[in-house]
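Put together the whole structure using the sequences plus the hints.
Here is what each chain is made of, one letter per residue.
2 protein chains.
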Amino acid sequence: VRTAQVFREKSGINVLTGHRVERIDANGGAVTGLGPEANAFAIPFDRLLIATGAAPIVPTRSGYDRPEVVVVKTLEDTHTIKTRLHSGAVTKAVIIGMGYIAMEMAEALRARQIDVALVKPRAELLPWMDAELAATVRRELESHQVQVHTGFDAVRIEGQGGRAAVCDPGGTSLPADLVIVAVGIAPNSALAAEAGLTLGPAGSIAVDPRLRTSHPAIYAAGDCADAFHVVSGQRVWIPLALRANRAGWAVADHICGKPVALQGVAGTAVFKVFDLQVARTGLTAAEATRAGFTPAAVTISAPSRAHSYPGGTPIQVHLVGDRRSGRLLGAQMVGREGAAHRINAPAVALHAAMTVEQFSQTDLAYAPPFGPTWDPLLVAANQLVKKMKEES
Amino acid sequence: VRTAQVFREKSGINVLTGHRVERIDANGGAVTGLGPEANAFAIPFDRLLIATGAAPIVPTRSGYDRPEVVVVKTLEDTHTIKTRLHSGAVTKAVIIGMGYIAMEMAEALRARQIDVALVKPRAELLPWMDAELAATVRRELESHQVQVHTGFDAVRIEGQGGRAAVCDPGGTSLPADLVIVAVGIAPNSALAAEAGLTLGPAGSIAVDPRLRTSHPAIYAAGDCADAFHVVSGQRVWIPLALRANRAGWAVADHICGKPVALQGVAGTAVFKVFDLQVARTGLTAAEATRAGFTPAAVTISAPSRAHSYPGGTPIQVHLVGDRRSGRLLGAQMVGREGAAHRINAPAVALHAAMTVEQFSQTDLAYAPPFGPTWDPLLVAANQLVKKMKEES
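The listed protein sequences derive, respectively, from chains G and Z.
Mapping the first sequence onto our numbering, position 121 (from 1) lands on 121, and the numbers just tick up by one.
Mapping the second sequence onto our numbering, position 295 (from 1) lands on 295, and the numbers just tick up by one.
Bear in mind the hints are in silico, worked out from the structure with no lab data behind them.
Possibly wrong hints are sitting among the right ones.
Pairs involving identical chains hold if they fit within one copy or between any two copies, as the list cannot separate such chains.
Calculated cross-link-like contacts (lysine-lysine; reagent style DSS-like; alpha-carbon spacing at most 25 Å) [stated by the list, open to error]:
| hint | residue 1 | residue 2 |
| --- | --- | --- |
| 1 | Lys92 | Lys73 |
| 2 | Lys389 | Lys258 |
| 3 | Lys386 | Lys258 |
| 4 | Lys92 | Lys389 |
| 5 | Lys82 | Lys272 |
| 6 | Lys387 | Lys258 |
| 7 | Lys386 | Lys272 |
| 8 | Lys73 | Lys272 |
| 9 | Lys272 | Lys92 |
| 10 | Lys389 | Lys272 |
| 11 | Lys386 | Lys10 |
| 12 | Lys82 | Lys92 |
| 13 | Lys258 | Lys10 |
Shown next as structure tokens:
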């Protein structure tokens, strides 16, 4: 999306494309590797930033290398998909995975009238999501004729009459002109690991709030690095764009002598599935238990607009709190309107370590076109306060 | 909207309609007044809740009692307006006032193809709003053919050829088949004042966080009562539905022996003007100065969706912070999408007394359909942090 020349001319940054770093010599202060004509290079550094990102996981299973199979990784992959679609040869697609990338691909393919099936081995559509909210997402997919095959482990991909067939161990197979693999991503941390840097969750590169790795001269930022969770205080790997971007700036500031420490992440995320907005922040009840909290949770449904105002649709809110401290731990929302941006209110509350009771008293906006007098988040918070009191 | 009978039968609440309280005997513990047949009544109390609300201000000016003039106060007033509209006799309307009630009425009348003019004496459309944001609201009104006459003091209303004419002192007059007066509201606090209760700002009834007036047995809640502002700590009168509702519940809890103390209000408000969402929370720069802060402010414009996602429109954000403490003091937003619910994030930050820097580090949601990687609020917060550092 931007050439090396632009970086050079506009910002005085020497971007060396085609240079593959093969080794970080942390104590020697240099990176070494191979250049465009297989020429060895060695570049010394005072400070090094590792920003190697993450890459899609490609299962090493039979047939995943067939020509019908595409992993959504680079701009080129999307061009490959587009070319296939434009050729008219694609009428059926199978997407392996059910994360938000998988769902966004499903939506994009349905917009082109292609039959779409989503498959994954686990029983839950979105395992981190409250079951009632996840059921709404499933209905949304199915109402747009997306086949949702949970409990389908795509152990191999075969060829069958000029088409691919995605097979589970039980002998069921789904025909496909196009197979998209979107089963998650993994941090590109091999170089860091080989250099002896400490790794964090999921093999990400462990960094402190100043984005420093375990070596004082080396920073890591972006999808390759971990972060502290503002609720649990624990290291987490939640590779999302805002944190990646923020961490990049913070490293630059830090190297240039501005002391910057990042607060950490709340794990706030949002995505669109057809006409639904799906949002989360903080911990799920299961994550809260693992982090040592004693969670209580409620799930409510409230209208997106005042009763008197036409066009309202339900918003579902799932809220998690800690019985012992009273703290708000997490929130999830699903709705046709008003879910995406509403999630930012509990996200800020998590940064402030608010209790559910404190959050329940916040002065949220009300006007009939935009919500009921008691915002759905407040309805949920009031119920959670009650539940936590009754059961504690 | 609900009869006295329903209250009696469903909740065991004895609702006495047609009973006008004329005096509160605070120390005697009774209210006295006149019943439906002008019969005197006296009702003793252990605890009294004053929930007399607020009423629209009707200027005592010449011609404001003409038959063309309606004050939007009761359900009946709206029926009166509807009947007039249905009679087809209304082709031109003048609305006196430019608050959100005035704007909502303007929108409702334009939807019925009626010519609408808004008038007010002051020069600013929305005096509390940053000038850039207010200009966007004015453009929105004008692009829907609403005439905006700021600096027009409607000193009298005359009759003129079977129509009303709204006149300013300079001799300009605007013809109207319908004149709507929406110049603001005032708390109904006369009874409380006569009973010797302490009054707060704008003649509202002063209450503590437990909604107790200056008399220990008497509470006040709703649009007649004041509140503490979470940013300034000062008493304010911001009559809005959520606080009114919340205060009512809190009084009931308190009287029933549950200790409840309300946090106060952030002054969060939102309204719709045609296709625009207009939102605010906390203090304006002027209010901040009056409250003893040393405010700095920025105004930015950012797209409502990611660059790559079609259909984005600008969101304007105005953010106010305190130079001395670094605290976030207030926010204002105007946009076609995503402004109404986004305002809740800074509202929560105000409750938590966050600094602008802390707010700038919050993990807000990002997905291309719903915003850029850096949420417009974060773009504004980053700029405000910079500005506060440079100038302090």
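Checked hints:
no.: 1; hint: Lys92 with Lys73; result: within (21 Å within a copy, 60 Å between copies)
no.: 2; hint: Lys389 with Lys258; result: between (46 Å within a copy, 12 Å between copies)
no.: 3; hint: Lys386 with Lys258; result: between (46 Å within a copy, 12 Å between copies)
no.: 4; hint: Lys92 with Lys389; result: neither (52 Å within a copy, 57 Å between copies)
no.: 5; hint: Lys82 with Lys272; result: within (21 Å within a copy, 40 Å between copies)
no.: 6; hint: Lys387 with Lys258; result: between (46 Å within a copy, 16 Å between copies)
no.: 7; hint: Lys386 with Lys272; result: neither (32 Å within a copy, 33 Å between copies)
no.: 8; hint: Lys73 with Lys272; result: within (20 Å within a copy, 41 Å between copies)
no.: 9; hint: Lys272 with Lys92; result: within (22 Å within a copy, 44 Å between copies)
no.: 10; hint: Lys389 with Lys272; result: neither (35 Å within a copy, 38 Å between copies)
no.: 11; hint: Lys386 with Lys10; result: between (58 Å within a copy, 23 Å between copies)
no.: 12; hint: Lys82 with Lys92; result: within (14 Å within a copy, 55 Å between copies)
no.: 13; hint: Lys258 with Lys10; result: within (23 Å within a copy, 65 Å between copies)
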